[in-house]
Structures are given as structure tokens and as C-alpha cells.
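Asks: So the protein lines, in turn, are chains A and B.
All letters in the first sequence, in the order written, are residues 1 to 221 by this note's numbering.
All letters in the second sequence, in the order written, are residues 1 to 221 by this note's numbering.
Mixed in with the good hints, there may be bad ones.
Since the list gives no way to pick out one identical chain from another, each pair is judged satisfied if it fits inside one copy or across any two copies.
For lysine to any residue, the following SDA-like pairs were computed, each having C-alpha atoms within a straight-line distance of at most 20 Å [claimed, not checked]: (1) K104 with V169; (2) K201 with D115; (3) K201 with D170; (4) K104 with E11; (5) K58 with T91; (6) K90 with L189; (7) K201 with L172; (8) K201 with Y174.
In short, the hints are calculated from the structure, not lab data.
Chain by chain, the residues run as shown.
Number of protein chains: 2
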Amino acid sequence: MGAVKLINIKEEILAENKELAGEIRESLAAARVCLVNLMSSPGSGKTSLILKSLERLKDDHRISVIEGDIDSMVDAEAVAAQGVEAVQIKTGGFCHLNAAMVEKGLSQVDLTNLDLVFLENVGNLVCPAECDTGANLNVAILSVPEGDDKPLKYPLIFRTCDALVVNKVDCLDYFDFDREALVRRFRRLNEVAPLFEISCKTGQGIEEWCDWLENRLSVDR
Amino acid sequence: MGAVKLINIKEEILAENKELAGEIRESLAAARVCLVNLMSSPGSGKTSLILKSLERLKDDHRISVIEGDIDSMVDAEAVAAQGVEAVQIKTGGFCHLNAAMVEKGLSQVDLTNLDLVFLENVGNLVCPAECDTGANLNVAILSVPEGDDKPLKYPLIFRTCDALVVNKVDCLDYFDFDREALVRRFRRLNEVAPLFEISCKTGQGIEEWCDWLENRLSVDR
């Protein structure tokens, strides 16, 4: 009998991606830049969080934004309207950003002239969590209208994130969202990542989130 | 020079899936069962829509529900609590349901004794839209808190759905959601699918949605 050769496509792709992601982190370290990967469902507030964070941080830090979307430029345009450089990656159907796409995005900015790059991933609570983008910090956003049961259904992203941002807390009274249940479910998966309760609409919690991010900038760079 | 052989993994997988999906539709037609595939972001209200639809339809039609989740049984348990048979598929990380998973799910129900099967896909606005499950009707759900710009960013699911359900319209006043912009953006992608504005919380629009579904049951079976 001849030998059987197994080609495990997914594992090979992920291994290649991991290697490239490591190279991206080396480049970031050399340039002393922190790359923050924001992941969430569609409409949870990734762009809103970036815009709110820019307001608070852009005078003290040199920041660029890389926007990942299947289609459209609307998010990059919103960032540019704040006077901040934005790169739009159109994935053309691809459901998450991988290291190769992020490398292309980073090639469009001048890392030597930056402190912080926000990376807005494709709106998807599943696939982005599996794929290393080369980021230094991975942040998950959950919004109140999505419900407190999401850690039960999409455990990976909650298990692997470096911070969880719970957005739209201004409408906690309106939705049947059990904050304590959410925290309990999150803590079962992740004991260390901080949890920020924020509202991009009212500004609640933005200060604490930005303080943490500034602190991590000085640690991770 | 020797020949170059190209193996396009994604196309091959999708072609095999399409074939199996066709076989599923043949079995459904033979048994006169309509399979309705519900797709949306996490937390848009797929389970809630199923539960509301069961209340209205379960006395007049024989219904089962197949729940697809990466992890957890909570949705299937909620369906079973209504006295309706539920099959839970745990995808174990997989980001959408494919025809092979649906075939396994359907093998757990008695098609000869059913009129309608609801299939709840994994919460994901991207990947489920690419993968034929064998369903007769593909329904997309968008909830108001996600925003009116989603057709710009995730065009495929809006382009290919047989109906769009806009859920959580009870909180239209609370969110900055432009209904006319949503309709305009949807219609640019899809001229024919009906759009239902509903609230699973208040019951608004459930009657119209169920009437349409009942009508399609008699057409599609």
C-alpha cells in the first residue's frame, strides 16, 4: 500500500497566517506601534467606539485606522471626517480579516510616525476570533440589544479577547439584558480581561476605556 | 511542460454542497415539507421570531425546529418548552450551517409527519449567505439596533433572501435608524422580497409575517 498524504487545508492556512501575524507584530514592536483589533457582530458599535476613542486620544497620540468591510467605504469616511487617516480594506465577501490583509493595510500607513492603529474587523462574532491579525490587543464588543447569552453561543471570542466592551448600556432598561448573568458567563470563559460598560451615545465609560488603552500603549509598545 | 492542475477548494466544496442541497430539496418536495432558513447577526431575534411564529402557527401546522449553534442548547430548549420538537446542531466552531449538517438535522425528524421546519442558522450575517442549506425559503432578519447601513456592508444576504424581517421596531424611536434609507438600500439589492417590520416584544407585524409564510407553504409545497 502506498502512503497516504493528508493535506489539512484549514490548519495549513492558519499556520501560515500565524507566521505572518508574528512578523507583523515584530514590525509593530520595531516601530513602537500598538495595533488594536476590534471585533463584534454587525452594528454593535465598532466604528462608534473608534470615533469616540479618537475624540479623546487623537490630540495626545498619533493614530491611524484600518477599516475592514465586505463592501462600502462609509466607515473610513467617518474616520477621515475626524481628521484622522483611514485605510479601507474591502474584503469582497471574505468574512474576516487575516494577517495578509492587515499587512496590506499597514503598508499604506507610515508606522514610524504612529503610536496606535485601530483595526476594525468585519462584523462577525465567529470567524475573526479564529484568525490572528497580528494585533497586540484583541477587543470584543457586545452591545446590550444582542443579549446576555452571547458568551454561551460564541465562546471563542469571549475566551480569547484582551478586553470586553459592553456597548449601548444606555438602553439597559429597554432590553431584557441581565448584566450579572453576562458577567458570570464571561468570567467562566475569561478570568482576566477587563470588562468596560460603555455607551458611545452618551459617552458613559469612554474615559475608563481610553485610560486602560493608554496604559496598555505604554506597556505593549 | 507538464499540465497544471488547479484544485479550487472553495468552489469544489460549494459545488458538492449545492448538489446535496438539491437532494435535500427533493426529499422535502417528496414529503411536502417547507424548510425555512433564518439568518441574521447574533442577537437579532432568530429564536424570538421562531417562538412567536410557533405561537401563531403550531395549532394549524405540523412544525419542527432545527437549531444551529456553535455551542449551547438554550435555543432548542426554549423551543421544546413550547411543546414543539427541536433538534440542536452544535457546529463546534463552524460559522454557518451547510447542507451536510442540515441533512443530519433532518434525519432526526419524521418528514412524513410535518408541514414546516424552521432552521435557525448560526448568528452571522456573512457566511450563511454563501452556503445553500437545501432550504425552500431563505429569510434574513435585521434588528433596528444594528443600524440602517447593513445592506451597504453585507450585500449578499440582502440580495439573496426571499424575505427580510426587520425586528425590534418597537425601539425605532430610541435608535438613530432611518427606515426609508434601509428600504432604499435593500431595494437596490433586492426588488422582489417582501419586507416585514416586526417586534417580537410587542407582537407587531407577526400576523403579516405568518400570513405570508402560510401562503408560501401552500405555494412551495
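Asks: Now look at each hint and say whether the structure bears it out.
Replies: Hints, verified against the model:
1. In this assembly of identical chains, the alpha carbons of K104 and V169 never lie at most 20 Å apart, being 35 Å within a copy and 40 Å across copies at closest.
2. When the C-alpha separation of K201 and D115 is checked against a cutoff of 20 Å, the pair qualifies neither within a copy, at 26 Å, nor between copies, at 45 Å.
3. Taking identical chains as interchangeable, the C-alpha atoms of K201 and D170 lie at most 20 Å apart whether they share a chain (8 Å) or sit on different chains (19 Å).
4. Taking the shortest Cα distances, K104 and E11 never come within 20 Å of each other, neither inside one copy (22 Å) nor across copies (25 Å).
5. Taking identical chains as interchangeable, the C-alpha atoms of K58 and T91 are never at most 20 Å apart, the minima being 27 Å within one chain and 42 Å between chains.
6. In the homo-oligomer, the alpha carbons of K90 and L189 lie at most 20 Å apart only across protomers (18 Å), although the nearest pairing inside one protomer, at 32 Å, exceeds that limit.
7. Taking the shortest alpha-carbon separations for K201 and L172, both the intra-copy value of 13 Å and the inter-copy value of 15 Å come in at or below 20 Å.
8. Taking the shortest alpha-carbon separations for K201 and Y174, both the intra-copy value of 15 Å and the inter-copy value of 11 Å come in at or below 20 Å.
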